[in-house]
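The hints should help you fit chain E onto chain P, whose structure is shown.
Just so you know, the sequences run in chain order P and E.
Going by the numbering used here, the first residue of the first sequence is number 61, and it counts up by one from there.
Going by the numbering used here, the first residue of the second sequence is number 61, and it counts up by one from there.
Please keep in mind that the hints were generated in silico from the structure rather than gathered at the bench.
It should be emphasised that the depicted structure is a prediction, and the values quoted were computed from it without experimental measurement.
Keep in mind that the hints are not guaranteed to be accurate.
Unchecked claim - Partial list, derived from the structure: chain P residues whose beta carbon lies under 8 Å from chain E:
| id | residue |
| --- | --- |
| 1 | 92 |
| 2 | 109 |
| 3 | 139 |
| 4 | 150 |
| 5 | 198 |
What the hints assert, rightly or not - SDA-like cross-link-like pairs, simulated, lysine to any residue; straight-line CA separation at most 20 Å:
| id | chain 1 | residue 1 | chain 2 | residue 2 |
| --- | --- | --- | --- | --- |
| 6 | E | 173 | P | 72 |
| 7 | P | 100 | E | 130 |
| 8 | E | 103 | P | 93 |
| 9 | P | 162 | E | 238 |
| 10 | P | 81 | E | 150 |
| 11 | E | 103 | P | 150 |
| 12 | P | 81 | E | 143 |
| 13 | P | 203 | P | 150 |
Stated by the list, open to error - Computed spacing ranges between beta-carbons, pair by pair:
| id | chain 1 | residue 1 | chain 2 | residue 2 | range |
| --- | --- | --- | --- | --- | --- |
| 14 | E | 230 | P | 178 | 46 to 54 Å |
| 15 | P | 78 | E | 241 | 50 to 58 Å |
| 16 | E | 107 | P | 97 | 21 to 29 Å |
Don't be surprised by glycine CBs; every beta carbon is placed ideally from N, CA and C.
There are 2 protein chains.
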Amino acid sequence: MKLLEEKIRSEGRISEGGVLKVDSFLNHQLDVEFLNEMGKEFKRLFSDVEITKILTIEASGIAIASIAAQYFGNVPVVFAKKTESKNLDADTYDSDVFSFTKGKTYKIKVSKKYMNKGDKVLILDDFLANGFATLGMIDIVKKAEAEVAGVGIVIEKSFQSGGKILRELGVNLHSLARIEFDEKNQIIFNEND
Amino acid sequence: MKLLEEKIRSEGRISEGGVLKVDSFLNHQLDVEFLNEMGKEFKRLFSDVEITKILTIEASGIAIASIAAQYFGNVPVVFAKKTESKNLDADTYDSDVFSFTKGKTYKIKVSKKYMNKGDKVLILDDFLANGFATLGMIDIVKKAEAEVAGVGIVIEKSFQSGGKILRELGVNLHSLARIEFDEKNQIIFNEND
Chain P
61 MKLLEEKIRS
71 EGRISEGGVL
81 KVDSFLNHQL
91 DVEFLNEMGK
101 EFKRLFSDVE
111 ITKILTIEAS
121 GIAIASIAAQ
131 YFGNVPVVFA
141 KKTESKNLDA
151 DTYDSDVFSF
161 TKGKTYKIKV
171 SKKYMNKGDK
181 VLILDDFLAN
191 GFATLGMIDI
201 VKKAEAEVAG
211 VGIVIEKSFQ
221 SGGKILRELG
231 VNLHSLARIE
241 FDEKNQIIFN
251 END
Chain E
61 MKLLEEKIRS
71 EGRISEGGVL
81 KVDSFLNHQL
91 DVEFLNEMGK
101 EFKRLFSDVE
111 ITKILTIEAS
121 GIAIASIAAQ
131 YFGNVPVVFA
141 KKTESKNLDA
151 DTYDSDVFSF
161 TKGKTYKIKV
171 SKKYMNKGDK
181 VLILDDFLAN
191 GFATLGMIDI
201 VKKAEAEVAG
211 VGIVIEKSFQ
221 SGGKILRELG
231 VNLHSLARIE
241 FDEKNQIIFN
251 END
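Pulled out of the complex, with its shape left as it was, chain P reads as follows (with noise of 0.2 Å):
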């Protein structure tokens, strides 16, 4: 989406880490507009598909989820929660996801009220790098019995794994961008859908 490439050259900074910050408009301060853009597009790459319910994860998902869904009739939207709640249910679909940045593995839960048998789920997230928060979904979603329509993400480090093995899996799997860097630690931009 050249839209998203050149609002990620404009506003995006890399850190000492290479790690992109979009935190003027994806993952801390949201521009609304732009979330509309990019809902516009999501709804583009799939009106080949049926989709019944959105699926995303707290915290940054769920604006981008929110927003989207106005796109596709207003489907139900559901996100996935990293912590233990009061307010959510004990009867629970589950799966354990790796992160990298914690050095551990956590919880994703989902109430068995919100997602069903044959619901198809768009999975929609902010990124995607090795992938395994996006795995963890789709094992929730296949627990319940779902099917998983596709899974749209904004952001695809395509230099991490996530991308290929969803692809290899036979995943519906469209990125609004794919970046990588190279060796002055500039991002490029992979061909995308």
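Chain E only, in chain P's frame:
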């Protein structure tokens, strides 16, 4: 807001501990069409004040804040972070928030980049109980020398002290529903705007 009271009556559940659960539309599964109705209502209630930014807190506030922003001219939304994150700048405004659920104090953080002197900030959140999270956000707005233009809450637990404290402080507070429970643990709706 009549529509919200009906929604709570039909979909809300009261758990054993006397906690109202609205996870079918507000804080686990999200009813995006209904979030839009609430966004419009917030705009009606705050139509007389200038808003340049919306502040909320992860995770449950993000959806309503993002959807509501569409009715405030797509002003930027910022969500305060509760956890240390690699993606957050070191340079933040912080405030300590006491959590009854966890029995301890945690820090909320907003990057100094995204809260600026002169900003007219609408604070939005899903629940108001003791008001600690809201007071933490007000503290951050003040540290940034910005102005609290208003506080909008989806569900105020009017039997707890947050609403009273905020009104006594002169905060321009509007809650879409104000609830308490009768002796049979049934919901009573108090007057709202």
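Hints versus structure:
1. 92: 4 Å, holds
2. 109: Hint on residue 109 of chain P: violated, closest Cβ of chain E at ~19 Å, above 8 Å.
3. 139: Residue 139 of chain P check passes; min Cβ-Cβ to chain E is 7 Å, inside 8 Å.
4. 150: This interface hint is violated because 10 Å lies over the 8 Å limit.
5. 198: With a minimum Cβ separation of about 19 Å from chain E (threshold 8 Å), the hint on residue 198 of chain P is violated.
6. E/173 / P/72: 13 Å, holds
7. P/100 / E/130: 15 Å, holds
8. E/103 / P/93: Status holds; Cα separation ~17 Å.
9. P/162 / E/238: Violated, at about 39 Å.
10. P/81 / E/150: 13 Å, holds
11. E/103 / P/150: Violated, at roughly 36 Å.
12. P/81 / E/143: Holds: residue 81 of chain P and residue 143 of chain E sit about 17 Å apart, inside 20 Å.
13. P/203 / P/150: This hinted pair holds, its Cα atoms lying about 16 Å apart.
14. E/230 / P/178: 46 to 54 Å: 52 Å, holds
15. P/78 / E/241: 50 to 58 Å: 52 Å, holds
16. E/107 / P/97: 21 to 29 Å: Given a distance of about 27 Å, which is inside 21 to 29 Å, the answer is holds.
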